[in-house]
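So the sequences go chain by chain: A and B. Counting from 1, one number per residue, gives the positions in the first sequence under this note's numbering. Counting from 225, one number per residue, gives the positions in the second sequence under this note's numbering.
Please keep in mind that the hints were generated in silico from the structure rather than gathered at the bench. Hints may be right or wrong, so weigh each one.
[Unchecked claim] In silico DSBU-like pairs for lysine-lysine, Cα to Cα no more than 35 Å straight-line: (1) B:K330 / A:K151; (2) A:K109 / B:K330; (3) B:K330 / A:K140.
In this text, all values refer to a predicted model and were calculated from it rather than measured experimentally.
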Amino acid sequence: MYIIVAGGGKVGLGLAAELLQGNNEVLVLERDPARAAAMGEELGDSVMVGDGCETSTLDGAGVARADLVAAVTGDDEDNLVICEIARSRGVVRTIARINNPKNELLFKKRGIETTISATQAILAQIEQELPTHEMISLLKLHGGLELFEIKLPATSPVVGRAVREVLLPPESLIALVVDPGGSPRLPGGDSRLNGGDALVVVTHRESLDMLREALIGSTHGLDT
Amino acid sequence: MNVLIMGCGRLGAQIAGMLDEQGHRVTVMDTTPASFRRLRENFGGVTVLGNGMDAQALERAGVGEIEAFFAVTQGDNRNYFASQMAKQVYQVPRVLCRIYDPGREKIFRELGLETFSPTSMGARVMVNMLLGAPQEAS
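Next up, chain B with everything else stripped away, as it sits in the complex:
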C-alpha cells in the first residue's frame, strides 16, 4: 500500500517504521528536518519537508497517488484540517486522524473521519489496569 504520514513525532515515526517493515511504500512529512531522526535506522521510505496543510507540499509528497493518509501531528486542528484536505480535495480512500481532545474527536468522527483519541483510549486502558476489564454484557 502507498501511504503518506503527516507528522514524524513518536507516533508518526513508529507507524512509518512498522508499515515500511511490512513492505509498504511509505512517505513521511514534517516541518522540521530533525524530526526524521526518530525514524528507524534502516527506514526505506521517503521523507518530505513540508506542512501537510499546504496543498503544494501535499502534492510534492505524492498525495494524488496514495491509498492512505495518517494525520499525526501534535495539533488536533491541524490534523483535522489536513485530513479533510486529503479526503475532500484529493479523495484519498483512507484517512486516519489522531485527535487528543475527546470532545473534538467525537464531532470529527460523526463528520465521517476515521479518528483515534489516545486520551480516551489511554484512560480506558489505565482504568482497566486498576479495576480489571469490565465484563461484557452478553
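Here chain A stands alone, though its shape is the one from the complex:
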C-alpha cells in the first residue's frame, strides 16, 4: 500500500514507523524543514518537506496513486482540508485525526472516515496531563490494532533490558522509542530500554492489561 501521512508530529512519526515495518510505501509530509530533517534520520527517504494543505505538495507526493491518506496534524481545519484535497484527487480512503472532539460532527458530515473518536481524544488529553496514567491511546489502526504511548517508569521490569527480551502480548510491537530528551529512535532487537523512555507500541486493546504488566509492572493499578 502507498500511504501518505500528513503531519510529522508524534502521531505521524509513530504511525509512519509502524507502517514502514509493515512493508508499506510511506511518505510523511512535514511543513517544518528542521523537523523533517530530524525525522529523515529515522525514516530515511520517507519524509518530504511540504505543507499537506497545498495541492502542489500533495500532487508532488503522487497523491493520485495513494491508497490511503492520513491527516494527523494538530489542527483540525488543516486535517479537513488535506482530506478534501486528497479526495478531489481520487483517494478513496482518508483518515483524519480530530483534535477537538466537537469537530467530529463536521468530519462525519463531510463523509471522512475517522478513527479517533471524541471520547478517545478527550481521554488522551486527560491522560497526557496526569503522570499517573502511563498508557495513552494515540490512534486506532486497522484490524483492531491500536497505537499507544507508554512511558517507562524507573521501576519498570524492562528497564535495562534489550527489546528482544521483552515479552509482549501477541501481535504487539514496539514501533518507536523516544528518550527523555525527546530524541526518537527505531528500536532494534538489541536496543536497551531506559526509565523515562516513551514507547510507541502497537497492540490490541484487549492485550492492554498484559502489555501494562510487561512494561510497567504489576504494582500499578489496572485502571483503564
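With the hints as your guide, set chain B onto chain A.
Just chain B now, kept in the frame of chain A:
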C-alpha cells in the same frame, strides 16, 4: 438581510460597513478585540468575540438566524472549515468564502462552496491593466 461575518480584517470590516450602510443586520466576529477598530465609526451592527470554527461561538453570534455567512479570516483552511460548519451543520442559505490559494479555491468551489480568490482575480486584473482586457470571443 441578516448577515454574519467571520474575520474583521480589512475585507471583513469593509463588507460589514457596506452592508450596515445599506440597512442590513450585520454581526462581525473576530478572535482579537482590537480588530473591531477597523469598523467604520458609526457602525450600527453587533461585534462578537470568538472563533468562527467553534460551534458555541457561532451560536452565540446567532448563526441559527442568519441568511448569509462570510468567511474572511486570513486562513484559507479556517475559512473553509467555518464555511462548511455554517453550510452543513447550520444550513445557512448563502455561504461566501475567501480562499487565497487558487488551487484550493478550485477544489472548494467544486465541492459546492461560493468561493472567491483575491489572488486569481488580482492577477487577472493586473495583467489586464498592463495589456488591456482580452477581447471577448463572440
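Violations among the numbered hints, reported as their numbers in ascending order:
1
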